[in-house]
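Taken in order, these protein sequences are the chains called A and B.
This note's numbering numbers the first residue of the first sequence as 59 and each following residue consecutively.
This note's numbering numbers the first residue of the second sequence as 66 and each following residue consecutively.
In case anyone wonders, no lab produced these hints; they're calculated from the structure.
Owing to the predicted nature of the structure, the values given are computational and were not obtained by experimental measurement.
Using N, Cα and C, we set each Cβ at its ideal position, and we do this for glycine too.
One thing to keep in mind: the hints can contain errors.
One-sided excerpt, in silico: chain B residues whose CB lies under 7 Å from chain A [as the list claims (entries may be wrong)]:
1) D79
2) V81
3) L85
4) F117
5) L168
6) L178
7) S179
8) F182
9) H189
10) P191
11) A195
12) E199
13) H282
Looking from chain A toward chain B, a few residues come up when the C-beta cut is under 8 Å (computed) [to be verified]:
14) N71
15) Q84
16) P98
17) A198
Beta-carbon label-pair distances, calculated as ranges [unchecked claim]:
18) A164(B) to G85(A): 55 to 61 Å
19) G85(A) to R221(B): 32 to 38 Å
20) R94(A) to A394(B): 27 to 33 Å
21) G513(B) to R94(A): 15 to 21 Å
22) L107(B) to G291(A): 23 to 29 Å
23) Q84(A) to G210(B): 25 to 31 Å
24) L306(A) to A164(B): 39 to 45 Å
25) G228(A) to V81(B): 30 to 36 Å
26) A446(B) to E158(A): 53 to 59 Å
27) S212(B) to A518(A): 21 to 27 Å
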Amino acid sequence: MADLLGRPVAVANAGVDLFADELERQGVRTERVEWRPPEPGTEEALARLAREAAAIGRANDAAVARMDETRPLLTGVGTARQLLPGMGDRTILHAGPPIEWADMSGPLRGAIVGAAVHEGLATDREDAARRAAAGELELAPCHERGAVGPMAGVVSASMPMVVVENATHGNRAFCTFNEGLGKVLRYGANDNEVLDRLVWIRDVLARVFARALERLGEPIDLRAMTAQALQMGDEGHNRNRAGTSLLLRELLPALVELDEPSADVAAVARFIAGNDHFYLNLTMPASKAAADAAAGIERSSIVVAMARNGTELGIRVSGTGDAWFTGPSGIVDGLYLPGYGPEDANPDIGDSTITETVGLGGFAMAAAPAIVRFVGGRAEDALEATRTMYDIAWSESTAYQIPALGFRGTPLGIDCREVVHTRVLPFVNTGIAHREPGVGQIGAGVVEPPMEAFAKAVRALA
Amino acid sequence: VTERVIVRQGAYRDSVTLMLVSRAAAAEEGAEDVAVGMATPLNLELLADQGFAVAAGPNDLVIAIRARDDEAAERALAAVERELSARGGDDHFSAERPATRSLVAAARRDPRLSVAFLSIPGRHVPYEAAAALEAGLHVFCFSDGVSLSDEAALKRHALERGLLFMGADCGTAIVDGVALGFANAVERGPVGIVGASGTGTQEVCCLLDAAGVGVSHAIGVGGRDLSAEVGGLMMRRSIELLAADPDTRAIVAVSKPPDPEVAGAIEAAARATGKPVILAFGADYAGSAAGAETRESAGAESGGSPTAVERAPTLEDAAARAAELVGAAPARFGERLRRAPGRGSVRGLYSGGTLCGEAERIVGRGVFVDFGADEYTQGRAHPMIDPSLRLERLARDARDPEVAAVLLDVVLGYGAHPNPAAELAPVIEQAQTHVIVALCGAARDPQGLDAQRERLEAAGAVVTRSNAHAARLAREASDG
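This is chain B alone, in the form it adopts within the complex:
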């Protein structure tokens, strides 16, 4: 039998609390007597009756333990400490708790929080994001308007803390099956994606969905990650994470054409993974060619080493090659024009910048407008949420005798407009040109992929799930 007597000066607790503490500790295995109380004369007498001689004043807290052995005494003492330090619950009031005003306070209040999602004005990002990182949160930064130097600093900060900083101006991510920002409801599967382009990432996700291939994770890194200033910090880190992820068997990296030196660094990181990596950086980026082979058209043949780093000129090629690498048949897009080609210009009216750039490259002429660019989103919502600006332009271009074909992207998924087809269809019905829609969506998207396609087709549009194929159709439609 062993005893412990501890006196804490000036540590007041009310007697009911202390009775509960004593009871909880006495329930520990091997504990014989546990008395925790304020050292009032009465309590000292009771302790003396139990055989504990204690010298203490009425404002002191006494912990007296008798147990079978040292180990049991320590266990009982630990139980006392645990019960004494248990913070007040406040749970029964939680429904009424006022919303917290800072990410740091939120993280402190709920230690389960793991990601800070920022869509606040860009000039407030530097301290909010840094504070979130210090609080141990990964950051998904939808906000734009963050300077390149701030972005680079935040990314270095995140790496020091072993965290991700997705952004700035990051539109899309799918992490552990959770869609963040604008993202599609794709199945989980063997292909990992790193995207410096939100809609580019969505397109690859959806083309894989069309091929019946799921996505392990899609990590967004922000559109300027591959700039010289940022140096691809987050893309390289994301590639490492996907390399280590046992669910990921092939990796697709998506970006607008990167800085050449940075492209070289990304290729080096890709080679180090030991997994096949496909770089979809647009057709004409000037990376180092070492170790990367360009495949002009995917699916023609499936040679190459399984760990090679490859370049894909289009997102369609990237998704097709990734599907092949995980043993699936690439999706085929055989949609055709509904009537004879016309003669005239092509107008590309896009909500996604990367999709817009890809289509413009494939069509090779015409006028292309990215309604998601900063000049169109100042003081208004993104065209994927608020289609009004693009609808006005569509109504005009689709009745312009100079125009032979109008090319549109329609992006579905979380975050996007709940029913874009319903907004577009009445305008498409009035069109005198070919209207070709690149429908970027997954089968499980909340808008309903099939319903959206049917509505658009009923209005007279040609609908395909591949942006590259849509661009080829637009070129053909204006070639008459």
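Bound-form chain A, shown alone:
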């Protein structure tokens, strides 16, 4: 029998269920789309974009391929002053989109104050705050200098940075060392204990770590390591225990062979072993290297940066250049340490959402059953979180796979059109900072990015 449509009738039904019922009654394969209206105010932009869907599709294929092909290698360590463009003595970088001092939340201010004292730019904390408010410091987003930072994400000139090179496309990305849990600069703490640790990181950890890397003789392939970590229960954002373990395993033989004071080597080994999130500060620049490789593709609707400064979340899209599209930072829905609750929480903060941008973190939730208590407690909830993300992701990762989904690749490349179209927001895992500087992490959970940011991006792209 001739078939008029060129292939058998199989229907995707959007709207009245009756029509799907009648098709199923005839034995026709019918997929019921759970259609709902898009974000109000984006209909016209979506219609314009739909008419050039073929061109956008080609651009997105190219952008996501570059993301997927990125081979991020951990090659060494340097200082921000040496590595980052335009990094002057008074430059202090922060997480998220651009923001004025007056609009900054407590943890971000606290971290900037701490960094200013650490750099000797102020006599004390009050002086640092006064100078920051007076505009004497040059404040800029990490993302605009090739770097990313967790939580407050504060970077100053003398801080050591790990270097991640994209072996496929040649671009580089940078990140500070993770300071550990508790009272740390990235949560806005800035007392002497915090500043002393920053000095130790600069003078001991950075040196020993760099020499161990040299001794290994070849860079560490972070894509391969993260792919293994995903099969060991990490999702690359809120759980980094496997990644940190794999890293330490790789480094340990080189570490013990170093011609360094054994007290320093032991301190470094103990520091890494005692900090589950040490590897986060490697996953983040690896993710940044992949996302940057996908940036600047004309007409592409793929999100290439998603970052929070504690006041606003901003995104950048491959086809719209350096522009940030912002909306208010949300409050994290999560589990709190004893004695704390949502009223203590700072709005969502940090560049760590770069992991979700490249298919890790919340997008890889199904890989991390150990932390399902953040998403409802059942393993099924974690699977569903990842599966839902396939609806807004352009493609699937070939490197990062999820055993529980039959080794399916993680959802890769957020299409900002589909976010406003389906009103499915990226699923973001994150830590929770106390709103007062210096208290530190008070919990972890999931957070919804503001739809407004994606709506603005879609309108700009159209």
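We have chain A; now place chain B onto it with these hints.
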């Protein structure tokens, strides 16, 4: 014997997966050794034992193949690539998969999908339909409220992609034997239909069914396809498709009276088919007459060239002529009034717009209401699904001393009310006027054609399967 050694940097796979890959590739004909593994020291040693010298690091993936000849090596390598790139199944979880929220995601998830069925608010159609077309789906757009310029743009878009955009406001189609929207369970057969009218298409399908003639395809194009703005884009395309379809021997095109220029273009397209085409555009449309002959009453004689383009003044004529052209006897409708004609007005209470217009033209007087028109369907379901509004009006008109005859259409088929006769019968039983029902249904319709007819007749209605005949009876019933 030939060898291949390929090193992929930083491509991690777990060892069990790689063992399975190796095993699958080694099963290829002519493959002697296939080793796929991460280049750990142990694996490098094993490779060396097999005679492969490989320089690679522990994060690199090594593919080592030894085969009878180049061809076998390539085959084994292809098998490795296939196994490595095989996406995770996720099948054993499929029952729990959340419903997708977009047509595009649905199409990506299941590449077998071929049609997007839209019944969403009209203002959301432009981007949903365009996205569906870009995803390679034909679109059946039941939604109304789409602007003419958007409709024309979507149809051009569809044509560029080699796809159909059926709509907007498309009620009916039967494609490859599948009823989409409001459509009847007719047999497959030699007559193809293109309809810019849902109920008009259903009427032709059912009249052919009454004559024992089946339908190849009935393509809906939306009620405004033959407007000047849209230019008959989809009807012309559909005529081409039916012309090329080996199962289609005659074509019927159904529409309300079209724009004159567009009618000319449709006639030209019809002539180009090389198949007989019957245009049922209402009696008085102003198309170019060239090449089209009007047959006032079908079945009187069956002359004319077999590839001629003909006009049929009623749907009954169109179906009868199509039946003749494929060698079948047209259905005859001999139902008569059950009692003497009365004196008074005629009320036509319709759910189908085209049927309503045709009846009004034939009766020539009275009051005709199309309950499927936008003013009656704002915020409520179509009268073919929800009969309540029409029932109220029927109860009033059928006891109005000024009224001699009430004329109704009852449409069966997929999508329609599961038992319209049961709703209508109690009201018809109370009627003091003639009640004449045009029963638009096919023998295999889920409601049961005969059962519906019997129930309506038992209530006192005169029931015929031809809307034109029903209209003639209504005229007669009010002529006393």
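Of the hints stated earlier, which fail here? 2, 3, 4, 16, 17, 18, 20, 21
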